[in-house]
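Asks: The lines below spell out each chain.
4 protein chains.
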Amino acid sequence: MILFNNDYSEGAHPAILKKLEEINFEQNTGYGMDKYSEEARNHIRRVCSSPDMDVHFIAGGTLTNLIVVSSALRPHEGVISANTGHINVHETGAIENTGHKVLVIDSEDGKIKPAMVEKMCQAHYEDGDREHTVKPGMVYISNPTELGTIYLKRELEELREVCNKYNLYLFLDGARLGYGLCAEENDLTMADIASLCDVFYIGGTKVGALFGEAVCITNTNLKKEFRYLIKQKGALLAKGWIMGIMFLVLFEDSLYFKIADNAVKMAMRIKEAFNNKGIDFYCDSPTNQQFPILDNLQYDKLKEKYLFSYIAKIDDNRHVVRFCTSFATRPENVYMLVRDIEKL
Amino acid sequence: MILFNNDYSEGAHPAILKKLEEINFEQNTGYGMDKYSEEARNHIRRVCSSPDMDVHFIAGGTLTNLIVVSSALRPHEGVISANTGHINVHETGAIENTGHKVLVIDSEDGKIKPAMVEKMCQAHYEDGDREHTVKPGMVYISNPTELGTIYLKRELEELREVCNKYNLYLFLDGARLGYGLCAEENDLTMADIASLCDVFYIGGTKVGALFGEAVCITNTNLKKEFRYLIKQKGALLAKGWIMGIMFLVLFEDSLYFKIADNAVKMAMRIKEAFNNKGIDFYCDSPTNQQFPILDNLQYDKLKEKYLFSYIAKIDDNRHVVRFCTSFATRPENVYMLVRDIEKL
Amino acid sequence: MILFNNDYSEGAHPAILKKLEEINFEQNTGYGMDKYSEEARNHIRRVCSSPDMDVHFIAGGTLTNLIVVSSALRPHEGVISANTGHINVHETGAIENTGHKVLVIDSEDGKIKPAMVEKMCQAHYEDGDREHTVKPGMVYISNPTELGTIYLKRELEELREVCNKYNLYLFLDGARLGYGLCAEENDLTMADIASLCDVFYIGGTKVGALFGEAVCITNTNLKKEFRYLIKQKGALLAKGWIMGIMFLVLFEDSLYFKIADNAVKMAMRIKEAFNNKGIDFYCDSPTNQQFPILDNLQYDKLKEKYLFSYIAKIDDNRHVVRFCTSFATRPENVYMLVRDIEKL
Amino acid sequence: MILFNNDYSEGAHPAILKKLEEINFEQNTGYGMDKYSEEARNHIRRVCSSPDMDVHFIAGGTLTNLIVVSSALRPHEGVISANTGHINVHETGAIENTGHKVLVIDSEDGKIKPAMVEKMCQAHYEDGDREHTVKPGMVYISNPTELGTIYLKRELEELREVCNKYNLYLFLDGARLGYGLCAEENDLTMADIASLCDVFYIGGTKVGALFGEAVCITNTNLKKEFRYLIKQKGALLAKGWIMGIMFLVLFEDSLYFKIADNAVKMAMRIKEAFNNKGIDFYCDSPTNQQFPILDNLQYDKLKEKYLFSYIAKIDDNRHVVRFCTSFATRPENVYMLVRDIEKL
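Quick mapping for you: the protein sequence lines, in order, are chains F, H, X and B.
Using the working numbering, the first residue of the first sequence is number 1, and each one after it goes up by one.
Using the working numbering, the first residue of the second sequence is number 1, and each one after it goes up by one.
Using the working numbering, the first residue of the third sequence is number 1, and each one after it goes up by one.
Using the working numbering, the first residue of the fourth sequence is number 1, and each one after it goes up by one.
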């Protein structure tokens with residue numbers, strides 16, 4: 001069985017393991033205060049053109065989301081998310097467990113449009129009884145989204161504007177950020193993201209690391225005492241340099257982007273194969289996740305050899321599924337899959 | 001200006017104030033352990049045909065909702081509510097603030113149908129990744145609903161069945177329970193509610209008391225150490241006998257139902273007046289809240305003399321509004337309103 | 001049995017009940033936005049010489065404490081309290097339930113001395129691993145304390161200084177504030193308290209009201225969106241004018257101080273009686289709570305006729321107990337008690 | 001500078017890195033459902049003689065503590081800890097942040113004695129107002145403790161008895177468990193711990209792994225839906241097999257105990273050196289942490305070449321410090337340190 005069901009089925013880029021082995025017996029300061037973490041932070045600051053940005057490493061997306069949201073909001077404030085947002089559907093209520101409501105906006109493509117935020121905030125501030133409702137305090141987006149779609153620069157700028165208007169923090173979940181930035185139609189840079197968001201993270205788990213996300217905080221308000229909050233949520237890793245080294249290897253030499261670019265290219269081959277076959281997609285994704293709509297026959301045929309995710313049933317004969325590529329996807333497997341799609 | 005905007009604009013039934021004055025200088029045990037509270041509890045048990053039921057008095061609906069929900073659920077469990085449910089929209093995220101997600105079901109009339117619960121639970125238990133999502137743990141309904149509609153006995157029985165099937169607690173918010181039980185089409189009794197729900201409350205604030213809700217717990221699991229939880233949330237009133245006396249006055253002699261019946265009768269006169277005028281309703285409510293759809297002219301005309309709630313805008317010329325009656329609504333005011341509706 | 005066990009065994013000052021009855025059928029705006037609440041707030045602002053102070057009415061001390069603390073602190077911050085502090089021992093962990101640690105300072109007389117705060121904060125800021133510990137964010141004191149003792153002006157000023165030095169909010173729990181301000185040795189005024197604390201409350205429950213505390217916020221940071229937080233914790237009473245009227249009656253004409261003064265005077269008679277008898281006190285209280293140390297014989301004798309609180313066992317023959325007076329304590333009962341103490 | 005300041009300054013046992021490299025490109029099921037994790041779980045079950053025990057891997061001690069405690073307790077319950085307990089002093093209030101009070105017991109050697117628990121529980125249940133206080137729900141101990149001391153089998157059995165008597169869960173934090181079990185005076189086995197505790201964990205971070213703790217649940221009540229809770233707190237690692245492999249390597253062949261035994265032996269050489277020099281210890285630790293009391297001269301001298309932890313100041317000339325050994329401690333460094341101690 002060949003796995004295309006997600007982008008975290010293999011270990012790490014070999015350069016990471018090699019480096020971990022090299023320095024294994026070095027004695028390092030704990031809790032992320034080591035030299036490798038500091039080097040990694042500096043490389044990330046450089047890539048983001050944000051010399052003053054705070055960078056922290058946290059072992060996982062849900063952990064990062066719950067720390068960022070709960071550290072930024074007061075108890076009566078909620079975070080706006082698309083209905084498909086990871087924090088809304090796939091974190092077992094982690095955000096609510098920190099005390100905050102997720103304010104849901106219905107979205108067809110996983111993206112939040114400024115007009116949706118405008119409408120929600122306007123309704124709140126026009127309501128004479130607004131103190132009886134949750135105050136919007138933050139907008140959470142992911143790029144790419146859970147549906148593989150990405151934000152264009154203009155779209156992110158417009159979101160920033162509406163956030164400014166209603167005094168909302170803008171938080172970008174970049175668990176798959178590399179794959180988004182390597183999409184052909186992408187026009188955003190890391191520096192754009194750093195300048196437009198209050199806080200965002202660069203995902204490692206799904207882009208070549210064993211685990212780890214690099215949380216980047218640009219808004220001064222949110223920087224304050226953030227390490228206390230990481231510790232309180234159990235996320236201050238004792239041997240923090242492990243994440244430091246992983247991000248150092250990924251960012252000292254653009255490895256992060258090479259990995260992501262390659263994965264996106266392979267996803268495009270899969271996309272093309274489905275397209276050529278006349279198979280529709282649930283949405284048009286330019287990134288490493290593809291959501292074809294298979295009929296029963298196609299579904300059963302591909303299932304024999306490949307593992308992929310079941311997303312949703314459209315009707316008795318049509319099913320949305322997901323194929324993912326990653327840093328570790330082998331070209332020969334993609335080639336075989338493409339051939340099998342052609343034969344459907 | 002005459003107020004029809006809600007059912008909590010006046011004080012209490014005079015018999016309550018009289019009794020409070022009578023016993024004002026008696027020395028009573030604190031925190032609800034007094035004789036009046038115990039008498040009131042016994043009357044409520046009698047009316048509910050539930051001699052073993054636990055009864056607690058809590059000063060307000062939001063406080064009651066957050067205590068009941070958070071005491072019943074484990075951290076990863078959520079509470080199912082209609083989108084219009086009070087806990088979902090009008091409690092500033094009180095439930096989420098205790099750590100639990102509100103699992104929203106869209107409903108047109110404010111009621112939750114068993115099939116909706118079935119669908120949500122089935123989806124949960126069929127999901128291979130269900131541990132990444134919130135587990136449904138409780139169904140929250142209100143009777144009457146926020147839209148004034150009520151549950152029939154058969155409907156409540158069917159909800160109970162689906163709750164049994166999926167191991168869900170059934171919690172009924174009865175902030176306006178009296179008005180529901182006095183509706184003409186109602187076929188539920190207090191005893192039915194006590195036998196079908198795990199926990200429910202009988203609202204006092206909106207039905208003749210100064211404040212106070214009587215929480216009735218029939219499920220043994222939920223009874224345990226409930227007073228600790230009331231205290232922890234700040235809801236164990238020092239002079240608890242005040243609520244004891246209010247519920248004693250309301251229940252020793254059926255005053256609660258007389259009050260509610262009268263308010264519903266007056267609401268029906270208002271409903272009839274709108275109906276006669278050919279004015280539609282947002283939904284067909286048999287209780288003390290009425291939701292007519294007014295055009296601009298009607299709206300402006302009635303606004304001159306009456307205060308009523310603005311609920312929603314349908315289009316530029318149509319607006320859903322709410323008129324409420326209560327224990328204190330004066331017949332002469334209703335008569336005047338009816339005349340003014342006729343003149344529209 | 002005559003009750004001296006606490007100061008909340010009777011109803012309210014008769015003037016309050018009279019006023020409640022008078023306006024019972026008036027239609028009032030809900031949730032504390034009525035004219036009586038506004039009048040009451042203005043009287044309190046006047047008494048505190050703080051025209052810009054925010055005043056909110058909340059139904060109970062624990063509810064007030066948990067709202068104030070959780071609204072002021074970020075998740076990693078804790079509140080400093082004496083070991084005897086109400087929030088530390090008698091609120092079923094209400095503060096922790098909002099996510100915050102109570103940082104305990106051992107105190108013999110229930111008071112917090114500036115040097116204790118200094119020491120705790122210094123230890124925190126000198127600790128290289130302080131991010132692994134809770135950051136002190138607020139000092140909670142009560143005046144009078146749980147042991148009946150009071151703060152002198154100089155002491156409160158010094159606490160303010162250490163709070164300024166370490167960026168701590170100063171929160172004064174005044175559940176029994178009236179009794180403290182009427183103590184003979186007291187040199188604090190309401191205006192002093194308002195100018196020295198960031199937030200404090202004036203207790204109604206124990207000083208003549210049916211229930212209710214007036215939270216006074218002087219620090220602008222803490223004022224923001226406080227009503228959202230009251231609502232979220234279930235404490236925004238629908239018929240809020242009830243508390244408005246109670247505080248209006250208590251403050252429009254100094255009734256609050258007359259009541260308190262009378263209770264303190266009666267407590268002093270009881271204190272004198274114990275003193276004359278050579279009976280020691282656990283601590284020297286100038287307020288309405290007295291903590292004599294009784295031997296077995298004395299204890300058994302007084303128990304026949306009076307209810308009083310058991311506080312602690314010193315040894316097999318000595319017991320700390322508490323006698324309280326209140327707005328409703330009858331002079332004839334105090335006289336009888338004094339006679340019975342003399343006869344011990 | 002040679003580091004003896006803690007037991008997490010180096011990476012992992014080389015066998016772990018080797019295995020991670022070997023399987024790096026294998027495709028594994030995520031979230032701990034892989035074959036390596038299952039194998040590791042089985043080895044741990046075998047070592048604990050507990051075939052029915054649930055085993056979960058979590059990346060870090062604080063994360064583990066907060067998940068275990070919050071999953072086991074109802075909102076009004078607290079967890080009993082020694083004042084020196086990690087959850088009480090070094091987790092930035094992580095437990096309180098989940099809503100639960102830490103009930104502190106003063107202990108001189110870091111251990112909790114049954115009589116202390118008995119006394120606290122008795123006081124709770126004898127208190128007529130106990131509903132106003134936090135109910136003890138769990139006892140948290142660590143073995144070895146923060147002071148390096150260990151529990152004897154008899155002591156653990158007696159704790160179990162008092163836990164049974166007062167219906168308390170017994171939770172053992174084994175962040176350094178290996179070092180405790182390899183102490184010369186130890187008479188506990190993994191199987192004893194599994195049979196006496198409701199839940200405990202075997203620390204990997206400090207005993208040869210890159211990170212990771214193996215949570216072992218023996219009490220059926222606590223097993224239920226535990227993975228939901230891991231996910232909600234952000235601790236369900238996507239590439240969970242990494243921890244599976246680490247514990248597999250540590251437990252398939254007793255590597256865990258070999259590592260720990262070696263570290264303890266080296267700590268004993270350091271202890272002996274201090275003893276020979278007449279240097280006292282803060283407490284008598286038979287494990288990998290040693291707490292000598294150094295005078296200023298000794299302190300300054302050792303500081304030139306070694307990093308060790310500052311624990312507490314006794315007086316102007318005496319300081320408690322900590323020296324740790326670990327899986328990675330080099331004999332030559334210990335030899336050098338011993339020589340330098342001799343020369344003091």
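Be aware that a few hints might be false.
For identical chains, the list gives no copy identity; a pair is met inside one copy or between any two copies.
[Stated by the list, open to error] Cross-link-like lysine-lysine pairs, in silico, DSBU-like; alpha carbons within 30 Å at most:
1) Lys18 <-> Lys303
2) Lys343 <-> Lys153
3) Lys119 <-> Lys303
4) Lys305 <-> Lys35
5) Lys258 <-> Lys301
6) Lys313 <-> Lys165
7) Lys224 <-> Lys153
The set of hints was computed from the structure by calculation and includes no laboratory data.
Asks: Taking 30 Å as the upper bound on the Cα-Cα distance, should Lys224 and Lys153 be classified as within, between, both, or neither?
Replies: within (28 Å within a copy, 34 Å between copies)
Asks: First find the shortest C-alpha distance between Lys343 and Lys153 inside one copy, then the shortest across copies, and answer within, between, both or neither for a cut-off of 30 Å.
Replies: Close neither inside one copy (39 Å) nor across copies (58 Å); limit 30 Å.
Asks: Taking 30 Å as the upper bound on the Cα-Cα distance, should Lys313 and Lys165 be classified as within, between, both, or neither?
Replies: Between copies only: 24 Å across chains, 39 Å inside a chain, cut-off 30 Å.
Asks: Have a look at Lys18 and Lys303 and pick one of within, between, both or neither, based on CA distance no larger than 30 Å.
Replies: neither (35 Å within a copy, 33 Å between copies)
Asks: Go through the copies and call it for Lys119 and Lys303: within, between, both or neither, with a Cα cutoff of 30 Å.
Replies: So Lys119 and Lys303 pass the 30 Å test across copies only (27 Å; inside, 43 Å).
Asks: For Lys305 and Lys35, with the copy left unspecified, which applies at a CA distance of at most 30 Å: within, between, both, or neither?
Replies: Answer is between; shortest inter-copy Cα gap is 20 Å, intra-copy 45 Å.
Asks: Classify it for me, Lys258 with Lys301: is the Cα-Cα distance of at most 30 Å met within a copy, between copies, both or neither?
Replies: neither (33 Å within a copy, 51 Å between copies)
Of the hints listed earlier, those the structure fails to meet are numbers 1, 2, 5, in rising order.
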